[in-house]
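Sequence order for the protein chains is A and B.
Letter by letter, the first sequence follows residues 1 to 250 of the working numbering.
Letter by letter, the second sequence follows residues 251 to 333 of the working numbering.
Worth flagging that the hints you see were computed from the coordinates, not collected in a lab.
Each hint should be verified, as a subset may be incorrect.
Claimed, not checked - Here are the computed lysine to any residue pairs in the SDA-like style, where the Cα-Cα straight-line distance is at most 20 Å: (1) B:263 with A:96; (2) B:263 with A:67; (3) A:74 with B:317; (4) B:263 with A:99; (5) B:293 with A:159; (6) B:298 with A:57; (7) B:293 with A:105; (8) B:293 with A:143; (9) A:74 with A:38; (10) B:263 with A:153; (11) B:263 with A:151; (12) B:298 with B:253; (13) B:263 with A:154; (14) B:257 with A:56; (15) B:317 with A:96; (16) B:263 with A:105; (17) B:263 with A:182; (18) B:293 with A:108; (19) B:312 with A:65; (20) B:312 with B:259; (21) B:263 with B:312; (22) B:302 with B:292; (23) B:257 with A:23; (24) B:308 with B:326; (25) A:156 with B:322; (26) B:317 with A:67; (27) B:263 with A:184.
As the list claims (entries may be wrong) - Computed far set for chain B versus chain A, every beta-carbon distance over 12 Å: (28) 288; (29) 296; (30) 299; (31) 301; (32) 324.
If you're wondering where the values come from, they're calculated on a predicted model, not measured in any experiment.
Yeah, the Cβ is synthetic: ideal placement off N, Cα and C, and Gly gets one too.
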Amino acid sequence: MRIGVVTFPGSNCDYDAYAAFRHVVGCPVDFLWHADPDLKDVDCVILPGGFSFGDYLRAGAIARFSPVMQSVIKFAGDGGLVWGICNGFQVLTEAGLLPGTLRRNAQMRFACQQVRIRVENNKTPFTRGCRPGQVLRMPIAHGEGNYYADPDVIAKLEANNQIVFRYVNSDGEPDLRSNPNGSRHNIAGIVNAQGNVLGMMPHPERAVESILGSADGLALFQSLIGVGVQAVGSETTSASPLIEKRRARV
Amino acid sequence: MVMVTGKVTVRLKEGVLDPQGQTIQRALEHMGYNGIDQVRAGKTFEIKLQAKSSEDAKSQLKEMSEKLLANPVIETFHVEVVE
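Build out the structure end to end from the sequences listed, making use of the hints.
Written as structure tokens, this is what we have:
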């Protein structure tokens, strides 16, 4: 499996995603450039976090019309894997690859904190190594992560099992207090009906080594590249090659 | 071709929560404006363009709004040609 990470002007998690694939899980990865429609024959496209085009107009609204996105839209239509994280999720909704939109946080502030998300659907290529109901800890960092869609769209997402992640409390239950942005039904991430396009607000690429505060995000990277995943709970931190290297140095 | 100035106003749909508008409303109330019923924040775009006619300009502006300026999930827009 080969990965392509798109860089837009204003992307700031592209190198984190690159490092997670290249250095932590050890998977071939290339950067893709926003102005170049060439997807370099990758198997999965990552739309990373950040503030593409300064978040001008609406988060993701300008990026959606960049040359690379025309190829990504076609790639996704042909069944290619696309994973949008944070700003990438916003780009996916603007592009119409995922339903709904990400509104300003209801709490009137930029949310930058560690959250718990529960795996609601482990039948996707991005979560197949997770247990159903597994709770993962990873950070969020967004001002517009308040997932909104019309009630009939939300009902369809629920019925089709397209809600992949929900914000939950320490008991693993979704409630008002564990919802950091006011999203409908505590939604943290969804897939399209075909299951090949995932959008999520939390940052798994910032939770791939215990030194970062959590290595729970690894489960998603390992699912994607098909590495057998053992239970990666909050308490267990699987050692990555990078950690091994650091340990060896110490 | 004529030079036309158009104005596009983008608003949140009725019933869509507007935290920005609510925050502005609270600030206005702190300033002593107590008669405020509601504040809704929106965006205005002033666009100068070459068009065959004012009707043509309007239809171009409508298309721009549908494709880019407004997000149909939560926003509505209004197009007018000002000169």
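Going through the hints against the structure:
no. : hint             : verdict
1   : B:263 with A:96  : 19 Å, holds
2   : B:263 with A:67  : 30 Å, violated
3   : A:74 with B:317  : 18 Å, holds
4   : B:263 with A:99  : 17 Å, holds
5   : B:293 with A:159 : 35 Å, violated
6   : B:298 with A:57  : 18 Å, holds
7   : B:293 with A:105 : 18 Å, holds
8   : B:293 with A:143 : 18 Å, holds
9   : A:74 with A:38   : 12 Å, holds
10  : B:263 with A:153 : 16 Å, holds
11  : B:263 with A:151 : 14 Å, holds
12  : B:298 with B:253 : 7 Å, holds
13  : B:263 with A:154 : 18 Å, holds
14  : B:257 with A:56  : 18 Å, holds
15  : B:317 with A:96  : 11 Å, holds
16  : B:263 with A:105 : 17 Å, holds
17  : B:263 with A:182 : 18 Å, holds
18  : B:293 with A:108 : 18 Å, holds
19  : B:312 with A:65  : 18 Å, holds
20  : B:312 with B:259 : 11 Å, holds
21  : B:263 with B:312 : 17 Å, holds
22  : B:302 with B:292 : 29 Å, violated
23  : B:257 with A:23  : 50 Å, violated
24  : B:308 with B:326 : 16 Å, holds
25  : A:156 with B:322 : 19 Å, holds
26  : B:317 with A:67  : 16 Å, holds
27  : B:263 with A:184 : 17 Å, holds
28  : 288              : 17 Å, holds
29  : 296              : 14 Å, holds
30  : 299              : 18 Å, holds
31  : 301              : 22 Å, holds
32  : 324              : 6 Å, violated
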